[in-house]
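With chain A held as given, fit chain B onto it using these hints.
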Amino acid sequence: MNKVISMQHAIREFVHDGDTVAIEGFTHLICFAAAHEIIRQRKQDLTLCRLTPDMIYDQMIAAGVCKKLVFSYAGNPGVGSLQAFRRAVEKGEPRSIELDEFSHFGLVARYLAGAARLPFYPLKSYSGSDLPKVNSQIREMQSPFGDEKIFVVPPLNPDVAILHAQRADENGNTQIWGLTGVQKEAAFASQRVIVVVEELVSESVIRADPNRTMIPGLIVNAVVVEPFGAHPSYVQGMYDRDNAFYVEWDTISREAATLNAWLDEWVYGLNSRAEYVEKMRARLEKLKPGDAYAEPINYGAYT
Amino acid sequence: MNYSQNELMIAAAARELQGARVAFVGVGLPNIVCNLAQRSHSPNLELVYEAGVFGARPARLPLSIGDPTIVTGAVSAMGMADLFQLYLQRGLIDVGFLGAAQIDKFGNINTTVIGDYQKPKVRLPGSGGAAEIAVLCEKILVITRLNKRAFVPRVDFITSPGHLEGGGARKKLNVRGRGPEAVITDLCILRFAEDTREMIVTSLHPNVTREKVQENIGWEVRFAEALKITPEPTERELELIRDELDPHGLYSR
Chain A
0 MNKVISMQHA IREFVHDGDT VAIEGFTHLI CFAAAHEIIR QRKQDLTLCR
50 LTPDMIYDQM IAAGVCKKLV FSYAGNPGVG SLQAFRRAVE KGEPRSIELD
100 EFSHFGLVAR YLAGAARLPF YPLKSYSGSD LPKVNSQIRE MQSPFGDEKI
150 FVVPPLNPDV AILHAQRADE NGNTQIWGLT GVQKEAAFAS QRVIVVVEEL
200 VSESVIRADP NRTMIPGLIV NAVVVEPFGA HPSYVQGMYD RDNAFYVEWD
250 TISREAATLN AWLDEWVYGL NSRAEYVEKM RARLEKLKPG DAYAEPINYG
300 AYT
Chain B
0 MNYSQNELMI AAAARELQGA RVAFVGVGLP NIVCNLAQRS HSPNLELVYE
50 AGVFGARPAR LPLSIGDPTI VTGAVSAMGM ADLFQLYLQR GLIDVGFLGA
100 AQIDKFGNIN TTVIGDYQKP KVRLPGSGGA AEIAVLCEKI LVITRLNKRA
150 FVPRVDFITS PGHLEGGGAR KKLNVRGRGP EAVITDLCIL RFAEDTREMI
200 VTSLHPNVTR EKVQENIGWE VRFAEALKIT PEPTERELEL IRDELDPHGL
250 YSR
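Heads up: the sequence lines are chains A and B, in that order.
Oh and the first sequence: position 284 is 283 in numbering that gives the first Met the number 0, straight run, nothing missing.
Oh and the second sequence: position 69 is 68 in numbering that gives the first Met the number 0, straight run, nothing missing.
Bear in mind the hints are in silico, worked out from the structure with no lab data behind them.
This one's a predicted model, so the numbers in the text were calculated from it and none came from an experiment.
Be careful, since some hints might not be right.
Pair by pair, the computed Cβ-Cβ distance ranges are [as the list claims (entries may be wrong)]:
| # | chain 1 | residue 1 | chain 2 | residue 2 | range |
| --- | --- | --- | --- | --- | --- |
| 1 | B | Trp218 | A | Arg138 | 52 to 62 Å |
| 2 | A | Val133 | B | Glu214 | 26 to 36 Å |
| 3 | B | Arg241 | A | Glu277 | 52 to 62 Å |
| 4 | B | Leu226 | A | Glu294 | 46 to 56 Å |
The list that follows gives simulated cross-link-like pairs (lysine-lysine, DSSO-like), each with its CA atoms no further than 27 Å apart [said to hold, decoys possible]:
| # | chain 1 | residue 1 | chain 2 | residue 2 |
| --- | --- | --- | --- | --- |
| 5 | B | Lys171 | B | Lys138 |
| 6 | A | Lys132 | B | Lys138 |
| 7 | B | Lys118 | A | Lys132 |
| 8 | B | Lys227 | B | Lys147 |
| 9 | A | Lys66 | B | Lys118 |
| 10 | B | Lys171 | A | Lys132 |
| 11 | B | Lys170 | A | Lys132 |
| 12 | A | Lys66 | A | Lys90 |
| 13 | A | Lys148 | B | Lys171 |
| 14 | B | Lys138 | B | Lys227 |
| 15 | B | Lys118 | B | Lys147 |
| 16 | A | Lys67 | A | Lys90 |
| 17 | B | Lys120 | A | Lys90 |
| 18 | B | Lys170 | A | Lys148 |
| 19 | B | Lys120 | A | Lys67 |
| 20 | A | Lys66 | A | Lys132 |
| 21 | B | Lys138 | A | Lys148 |
| 22 | B | Lys147 | B | Lys120 |
| 23 | B | Lys118 | A | Lys67 |
| 24 | B | Lys120 | A | Lys132 |
| 25 | B | Lys211 | B | Lys147 |
| 26 | A | Lys90 | B | Lys147 |
| 27 | B | Lys118 | A | Lys90 |
| 28 | A | Lys66 | B | Lys147 |
| 29 | B | Lys211 | B | Lys227 |
| 30 | B | Lys170 | B | Lys138 |
| 31 | A | Lys132 | A | Lys148 |
| 32 | A | Lys67 | A | Lys132 |
| 33 | A | Lys90 | A | Lys148 |
Think of the CB as a built atom: it goes at the ideal place given N, C-alpha and C, for glycine as much as any other residue.
The following block holds chain A by itself, in its conformation from the complex (with noise of 0.2 Å):
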């Protein structure tokens, strides 16, 4: 079945007003065009779920489609703080948010739970912590089978999930590789699954190497083709982290003025992807790495 459509069209049909929504990816595979195209459609009261809220929830703050955020670590990484997040937690601008906060163990456990549909998740972190005192999601259980305490989170089901990759076929079936985050754990959490791909490619790329394989097509419901869709983030082995953009956010987003000119020129006032690659081009093409290639691997053909 081929599931490819525009960001436009799969936005529009998959992301609705007060959904909860995963637009995961750690560092990596950070997926800026579906953000942007959300914002373009002004989603409203969405509940946005991320380990690292990123620059692209800070983006996506500021312009007033997030009610609520689900995270672990909101700073810009290397660089210093969230400054859309801290005046929306701070003075409430635009809009105040409520905060539903773990640590990121807590948080991929929330998304391991969801993904095999437990209950809960149990792990060893939090103790002497204060964040079970501020979170009621966050339990202290004792084990069924010995004197251990052990905490537990509940499951994490987002409506749907987002999620940037190298490649995939039409049929959604995506490979990844570099950091793979939870992009397999929030895929398989999620109602609904949009992937984003630098790359369409043949079935036939796919079955050739399976080990690769994190999302299948069973799960996918829209496949985007979106070259450098996740810049300023990167995508391994195409593109290099624009780290200077991430050291520019921090001015940019410092007064609320400069973070909407930024927004009005770099999203409102564009189409779609396409015309923010064009518009970045030049910035684009320093970003290509040189080349690291790993050696073929044999499966064997059994006939």
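Just chain B, lined up with the frame of chain A:
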């Protein structure tokens, strides 16, 4: 040899990793420290990044802890579920290296909020992996600049537990990790008293006075009887910091 207080702090922190086999690398300063250790005295140090890498050999200093350079040439790249469960929770990590926005006299770390959680004066990034690193790595090292805003008698929020209320409090948690062992700052190194588990100054950086240290700590701090002077950074360490790891001086100037 001229050097900055930050360069001295980074070199001194890296030396704390001598003999360690597997280190969990935190965001910010710990990142440059662990990479300096690997490039100088500890070439066999295995770097673990919460992003999902074991045995990283970064060719450049990763600005973020999910940089592509930590993947290329690593022993293993994996999902975060495997990293947290099979490496950290399984108990394979010797040292966790953390930064701290706020730290108290018992080494409890706050990276969540300044002020009240519901109505924060300053909203900080939160835990990331620190809450679990703090209890699941065998020991913890902390690096942060010394100032009164950061070094407070009690943190506003315990994101990552240190020695809690001191004494035997942490033992009662019944976790694998023994907690913080040293705090490396730009003015001095602090360790924790055996009995009270209170932070004490054990080494002053060259040309730093006791008064200067006290001015920058929010409680009356004790000094070790055998107070040492921190060795200066070597030429090789400075070269690595300036030429390879931090050419723009983001961390070290």
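Okay, the hints, checked on the actual structure:
| no. | hint | result |
| --- | --- | --- |
| 1 | B:Trp218 with A:Arg138: 52 to 62 Å | violated (34 Å) |
| 2 | A:Val133 with B:Glu214: 26 to 36 Å | holds (33 Å) |
| 3 | B:Arg241 with A:Glu277: 52 to 62 Å | violated (39 Å) |
| 4 | B:Leu226 with A:Glu294: 46 to 56 Å | holds (55 Å) |
| 5 | B:Lys171 with B:Lys138 | holds (16 Å) |
| 6 | A:Lys132 with B:Lys138 | holds (25 Å) |
| 7 | B:Lys118 with A:Lys132 | holds (15 Å) |
| 8 | B:Lys227 with B:Lys147 | holds (23 Å) |
| 9 | A:Lys66 with B:Lys118 | holds (17 Å) |
| 10 | B:Lys171 with A:Lys132 | holds (18 Å) |
| 11 | B:Lys170 with A:Lys132 | holds (20 Å) |
| 12 | A:Lys66 with A:Lys90 | holds (15 Å) |
| 13 | A:Lys148 with B:Lys171 | holds (12 Å) |
| 14 | B:Lys138 with B:Lys227 | holds (22 Å) |
| 15 | B:Lys118 with B:Lys147 | holds (22 Å) |
| 16 | A:Lys67 with A:Lys90 | holds (15 Å) |
| 17 | B:Lys120 with A:Lys90 | holds (10 Å) |
| 18 | B:Lys170 with A:Lys148 | holds (15 Å) |
| 19 | B:Lys120 with A:Lys67 | holds (20 Å) |
| 20 | A:Lys66 with A:Lys132 | holds (22 Å) |
| 21 | B:Lys138 with A:Lys148 | holds (22 Å) |
| 22 | B:Lys147 with B:Lys120 | holds (17 Å) |
| 23 | B:Lys118 with A:Lys67 | holds (16 Å) |
| 24 | B:Lys120 with A:Lys132 | holds (19 Å) |
| 25 | B:Lys211 with B:Lys147 | holds (11 Å) |
| 26 | A:Lys90 with B:Lys147 | holds (26 Å) |
| 27 | B:Lys118 with A:Lys90 | holds (9 Å) |
| 28 | A:Lys66 with B:Lys147 | violated (36 Å) |
| 29 | B:Lys211 with B:Lys227 | holds (16 Å) |
| 30 | B:Lys170 with B:Lys138 | holds (13 Å) |
| 31 | A:Lys132 with A:Lys148 | holds (17 Å) |
| 32 | A:Lys67 with A:Lys132 | holds (19 Å) |
| 33 | A:Lys90 with A:Lys148 | violated (39 Å) |
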